[in-house]
Amino acid sequence: MSGIALSPAALSPVIPNRIRKLRPKASLHAQQAFTSDPYVLELAETLEESLPSSPSTPLPLHNLRHASSEALLSTPWPSRRHEPFRFTDLSFIRQSRILPVHLPPAVYAGALSALSSPSLLQRVSQLLSQFHHHDIFWSINGIAAPDLTLIYVPENCHVDNPIHLHYTPPHATTPTPNTMHLSNPRVLVIVEKGAHVQITEEFSNENQNHPYWTNAAFEAVIGEAANLTHSYIQTQSFRAAHIKWTSVRQESSSTYKLTEVSSGGKVGRHNLHIQQLGPHTVTELSTLHLSVGDQTQDLHSSLVLDHPRGYSRQLHKCIVTHSQGQAVFDGNIKVNRYAQQTDAGQLTRSLLLEPRATVNVKPNLQIVADDVKCSHGAAISDLEQSQLLYFQARGIDINTARRVLIFAFGGEVIDKFPNSSIRDKVRSQIKTLLDPSSDSSSL
Amino acid sequence: MALTLPTHSSPTVIPLRRTPKPTLRRANHRVCVASGGAPLLQVNDLRAKIVESNVEILHGVNLTVNQGEVHAIMGKNGSGKSTFAKVLVGHPDYEVTGGSVVFKGENLLEMEPEERSLAGLFMSFQSPVEIPGVSNDEFLVMAYNARRKKLGLPELGPLECFSYLMEKLELVNMKPDFLNRNVNEGFSGGERKRNEILQLAVLGADLAILDEIDSGLDVDALRDVSNAVNRILTPEKSLLMITHYRRILDLLNPTHVHVMDKGKIARTGDISMVEAIEADGYETVST
Chain W
1 MSGIALSPAA LSPVIPNRIR KLRPKASLHA QQAFTSDPYV LELAETLEES
51 LPSSPSTPLP LHNLRHASSE ALLSTPWPSR RHEPFRFTDL SFIRQSRILP
101 VHLPPAVYAG ALSALSSPSL LQRVSQLLSQ FHHHDIFWSI NGIAAPDLTL
151 IYVPENCHVD NPIHLHYTPP HATTPTPNTM HLSNPRVLVI VEKGAHVQIT
201 EEFSNENQNH PYWTNAAFEA VIGEAANLTH SYIQTQSFRA AHIKWTSVRQ
251 ESSSTYKLTE VSSGGKVGRH NLHIQQLGPH TVTELSTLHL SVGDQTQDLH
301 SSLVLDHPRG YSRQLHKCIV THSQGQAVFD GNIKVNRYAQ QTDAGQLTRS
351 LLLEPRATVN VKPNLQIVAD DVKCSHGAAI SDLEQSQLLY FQARGIDINT
401 ARRVLIFAFG GEVIDKFPNS SIRDKVRSQI KTLLDPSSDS SSL
Chain B
1 MALTLPTHSS PTVIPLRRTP KPTLRRANHR VCVASGGAPL LQVNDLRAKI
51 VESNVEILHG VNLTVNQGEV HAIMGKNGSG KSTFAKVLVG HPDYEVTGGS
101 VVFKGENLLE MEPEERSLAG LFMSFQSPVE IPGVSNDEFL VMAYNARRKK
151 LGLPELGPLE CFSYLMEKLE LVNMKPDFLN RNVNEGFSGG ERKRNEILQL
201 AVLGADLAIL DEIDSGLDVD ALRDVSNAVN RILTPEKSLL MITHYRRILD
251 LLNPTHVHVM DKGKIARTGD ISMVEAIEAD GYETVST
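Chains as they are written, first to last, in full-length UniProt numbering: chain W, 1 to 443; chain B, 1 to 287.
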């Protein structure tokens, strides 16, 4: 998976605040005559330059960099002539152009507690106070979150590398059967005017049968004409409770695109709230929920449009393949009085593949404005008979046809992940869940 | 190529693949195969109803198609032409209530739709369904491999299939990006029909049933489709087309023309019967 990985549970800032140049470039070159490898020197310089400059680099980090820089001055790039690399050829690295992966210097990604800039702190307080919709889980997270992971993207800054937030469940085993570890990770994303960023949240599992409770909250403020592309993947343990808040505020002409695939948890509940703060916003929500066992996948979404000419598309799909599996969807879109010329579309489709598999869907549009274009639809079905026949009529057996069609149904959402490595990963996860016996590469 | 052969006169099963006389075949394959080919499809007094409404649509269809023959079925809207084709491929909307269908010596009605396909029966759908999320090449590779498996050949990976698919794509005069699109999704009427013929080209068939392959096609597309069909069908292969129009008959030269009326084959003749239909409508030939 490419991009910049952060672990919000650990809450450690990946990007230090300030790195002072260790030594002037001239001095690097001065010692070059000794035993320096020009390739290594150039690489060291590139890396030093790529780090943001800040006057307050913590002393241990400063010392680490200093010592490493000294060492690199007299270290050549390893070749096959060096005994430790006699059988390991690294020349292809050397032949490539090396680009450091990092966030642009003014971007902050790390713990709020490590943030030292008073102006940024003030900005955070101002924006945080504007989030108002609460339920019990929001508040539980609020009192229990040990810190807040902040991703701050300043005005007009385009972050090219996606930022990947990986949430790993607690490793500790529970002492007695009826106990659960609870974690409350919380993330705040601020995308200032004209900025662009891609964020992936991945909630994974270590053990399919581990009971724990993840109670996560994610808030984002998207400034004028800014763009946030959000990917969310949930594959937690089948005995876990996964409760998640996503709350987004969108300024005028901003774009928010969410793609979610959730297949884990005994209970997976996603509360998604989007508030429009100005005209011309674009909101695209695509979610796929999969219940392959005795589990409930629940999406409660609300999108509030208060300003003219907003555009929104919501696609919710769920697949329930177990007689005790359940999917729940409550999708509310409010088109209020001043939200004239809004173009809002909502579609929910559910595939129930076992007798007694359940889905409860409540798509609803509340329209107060009178000049709007809104559509919504809901369909609950088994696979299309005509599609199955088409496969069979070409000699493909019905089980293969069903497998391909079920996967294609979910594929429409998976295809919306902006990052191909995530698409591939999620595709193979979903294939395995839908057909555990299959080798996922054979399809 | 004027032949009038009573086509429902031989319901007995003749051993499969009786080779026609080679000398005659060289002279004119269509004519000689038509007179000497082994029966491929024998339909006897076939009756079928719509499952949902219980309405009987086919009231006793009789038809025999021998190896190498080209048959055309014409008839008014609602006469049962498409129902007949769908019943032959095993469409679940219809239930057979009587009669028999023998294909290559076996009881076709006992086979699942995929078994019918693997046995060598192909039908081009009149309105092929869209399959979002499944790409055309993925679908073709799957179908082609199902065929190879049936023949005891190793299945091929997508890359190994590629050159084979490209060759077939050229046959229907389509661009390679056709393969990347989802099956029939957003296809124009003409593209859907070409896609059906592409599938026929990839899979091959002993009997291809083309259900109104010519409807919605412009002149160029019709020529492409007909050329492709003529190149796909070797002299041993048979063709059964359902159409309303003369143009495709001129391009594919049927040896037998049938007129269907009220769920039965009402008349069988040769291409000359088409002129009468064009001039005076179905009434003159049906009654």
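The set of hints was computed from the structure by calculation and includes no laboratory data.
Keep in mind that the hints are not guaranteed to be accurate.
A short, non-exhaustive set of chain B residues, derived as facing chain W with CB atoms under 7 Å [unchecked claim]: (1) V96; (2) S117; (3) I131; (4) V134; (5) A143; (6) A146.
Computed from a predicted model, the values in this text were never measured in an experiment.
Even for Gly, the Cβ is constructed at its ideal location relative to N, Cα and C.
Against the structure, the hints:
{"no.": "1", "hint": "V96", "in the structure": "16 Å, violated"}
{"no.": "2", "hint": "S117", "in the structure": "4 Å, holds"}
{"no.": "3", "hint": "I131", "in the structure": "6 Å, holds"}
{"no.": "4", "hint": "V134", "in the structure": "5 Å, holds"}
{"no.": "5", "hint": "A143", "in the structure": "4 Å, holds"}
{"no.": "6", "hint": "A146", "in the structure": "4 Å, holds"}
Comparing the model with each numbered hint stated earlier shows that hint 1 is the single one that does not hold.
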